[in-house]
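Trainee: As a plain string of letters, each chain reads:
2 protein chains.
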Amino acid sequence: MRIAIASDHAAFALKAELAAWLTEEGHEVADLGAYSDARVDYPDFGYKLATAVADGSAERGIALCGSGIGISIAVNRNPALRCALVSEPLSASLAREHNDANAIAMGSRLLGVDMAKACVAAFLTTPFAGGRHEGRVEKLSNPVI
Amino acid sequence: MRIAIASDHAAFALKAELAAWLTEEGHEVADLGAYSDARVDYPDFGYKLATAVADGSAERGIALCGSGIGISIAVNRNPALRCALVSEPLSASLAREHNDANAIAMGSRLLGVDMAKACVAAFLTTPFAGGRHEGRVEKLSNPVI
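Line by line, the protein sequences give chains A and B.
Sequential numbering from 12 applies to the first sequence in the numbering used here.
Sequential numbering from 12 applies to the second sequence in the numbering used here.
Same shape as in the complex, but just chain A (with noise of 0.2 Å):
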């Protein structure tokens, strides 16, 4: 899978160890930063993961920072994405069935490394259920502000 990963200054070695094992894992991944620990600013890497997922260059997106809560709202800011902040696998396999999520966020300073992949591979191998779930998917690429 073509597979988008974003993270700011406190999420970078988080990143780096989940880029590392999506490819192993044969996944084609893009890193669009942040390189290093010098201090950055979250949104900016939330807007610039949310477009490559909304052009297509990405099929999924996966967002870092430091409680995972600032670049999770940046992503959602694009009504293109559905991005879940999630803490363990039931609630990035649930943002799969229900919400169809394409991207999901997490916290560097909260997940251990070993609880991120967990998340990471549930958030890849399930489907969507669709059926009831679709009007609502299609309401949130529609907001009403």
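Some clues are possibly wrong.
Derived DSBU-like pairs (lysine-lysine); straight-line CA-CA distance at most 30 Å [stated by the list, open to error]: (1) Lys150(A) with Lys59(B); (2) Lys150(A) with Lys59(A); (3) Lys128(A) with Lys59(A); (4) Lys128(A) with Lys59(B).
For the record, the hints were derived by calculation from the structure and aren't laboratory data.
Nothing here was measured: the structure is a model prediction, and the numbers come from that model.
Position chain B relative to chain A; hints supplied.
Mentor: Chain B alone, transformed into the frame defined by chain A:
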């Protein structure tokens, strides 16, 4: 505090419990529905909650659905909202400290009522840290899509 609360059918019972507790605690609670456990679409209630916070009729929002994921995405479509999907109080505190969150989302099928209350308590009592976080929060209000 003036608090708006909204949910889909799956979180109708949790919403009732939280609304009653918040009222007892002295808050002014606006219950924006759903008003029964008949099937509805979470985006409708997420958008309604976001509007109530964005237009100032509520100071804070609490958004609930089965997993919390779908409604958190809907709320964050509104660039005036910063909604953190949380499952424990540390994330609820960090959402206030770092992201100046004005809404939290929770999943009624994933959290017990006491954990949900602990998240709400952290969300309502933790101040924004300001400083280096201010510019990042500002970027969340001016999304690049």
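Trainee: Would you pick out the hints that fail for this structure and give their numbers low to high?
Mentor: 4
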